[in-house]
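Protein chains in written order, with our numbering: chain A, 1 to 147; chain B, 1 to 128.
If you are wondering where the hints come from, they were derived from the structure by calculation, not from laboratory data.
No residue lacks a Cβ here, since even glycine has one placed at the ideal position from N, Cα and C.
Each hint should be verified, as a subset may be incorrect.
[To be verified] A few chain B residues facing chain A, derived, Cβ under 7 angstroms:
hint	residue
1	Glu22
2	His24
3	Asp25
4	Asp29
5	Thr56
6	Ala87
7	Ala90
8	Thr91
9	Arg94
10	Met95
11	Gly96
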Amino acid sequence: MKVTSSSGMYQTERERWEIRIDKEADIVAVRQRVRDIAKEHRFDQFAVAALTTAASELSRNVWVHAQKGVALISVLRNGHKIGVELEFVDHGPGIVDLNRALAGGFSTSHSLGLGLSGTKRLVDEFNIDTGPGRGTKIVIRKWKKEF
Amino acid sequence: MPYGPIPILKLGSTLLATIQIELHDTVVDSFQNDVLEEIERTGSNGLIIDISALETVDSYVARMLANTGKMAKLMGAETVIVGMRPAVAATLVRMGYFMEGISTALSLEEGLELHARRSKMPDGMVDS
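So here's chain A without its partners, still in its complex pose (with noise of 0.2 angstroms):
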């Protein structure tokens, strides 16, 4: 079954995955599918390791910040375009200075600083919706390049 956006993408029912975050584990579980599907669809090995790393940095910050969340893994097609979207959603107490934690250099917990400003690095699109006590929800996007 296709179900087709208003952007014209479509997305096929078997090309979305959703994996629970309840476990600092699932953090691993939620890398390792991103790094297959990735893989299956022929991103270079760049861009494997770019989407591998952003979905362990925003899994982790779930697991972290939130305890439970919510990874969906969605494989979009937009024309000859080939693109992997990654959603991470919480519900935990959100992130209260958002352009102070865009801008890298520091962290509250368990990291570098650089999960989410690092992470916006490696992907093509990036969006954030957040606020204090608003849980967050951020999706990500990355097309693969064709040469």
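Model the placement of chain B on the given structure of chain A, informed by the hints.
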């Protein structure tokens, strides 16, 4: 002798840790402690961490590797990270992480040579 999920082997005065598994955060944390304890126990003055099997090094693992090197240095052991894959290097730098202060080498062989050269040099001499 293996220590936890990441084996740490002694080669002369150098310890060799080869990371061959997908890294969970808890494994990363215990590895850091294990390797420091092994430096003390064996009196090794060199540590080589082989990451050639790692396809992904995120900021958490990168920080652990860099910090392990700094901790080992405080104890008196020099760390060389060997075998970083091209895509891992590219990803880390794109994220803004440069692993400053950490020695790297292309391969295990080159890492061992680097250690050998260093241990022959008088104190304070800079590796060229």
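Status of the hints after comparison with the structure:
Interface hint at B/Glu22: satisfied, since its Cβ lies 6 angstroms from the closest Cβ of chain A, which is below the 7 angstroms cut-off. With a least beta-carbon distance of about 6 angstroms to chain A, the hint placing B/His24 at the interface is held under the 7 angstroms criterion. Given hint, B/Asp25 at the interface with chain A, holds; its Cβ is 5 angstroms from that chain's nearest Cβ, closer than 7 angstroms. Checking B/Asp29 against chain A: minimum C-beta separation of about 10 angstroms lies over 7 angstroms; hint violated.
A hinted interface residue such as B/Thr56 counts as satisfied when its beta carbon comes closer than 7 angstroms to some beta carbon of chain A; here the least separation is about 5 angstroms, so the hint holds. Evaluation of the B/Ala87 hint against chain A yields a held restraint, the C-beta minimum of about 4 angstroms falling below 7 angstroms. For B/Ala90, the suggested interface contact is upheld, since its CB lies about 5 angstroms from the closest CB of chain A, less than 7 angstroms. Contact between B/Thr91 and chain A, as hinted, is supported at the beta carbon level, the nearest pair being about 5 angstroms apart and thus within 7 angstroms.
Using the Cβ-Cβ criterion of 7 angstroms, the hint placing B/Arg94 at the interface with chain A is satisfied: the shortest such distance is roughly 5 angstroms. Nearest Cβ of chain A to the Cβ of B/Met95: about 3 angstroms, under the 7 angstroms cut. The hint holds. Given hint, B/Gly96 at the interface with chain A, holds; its Cβ is 6 angstroms from that chain's nearest Cβ, closer than 7 angstroms.
This entry does not satisfy hint 4, going by the numbered hints stated previously; all others are met.
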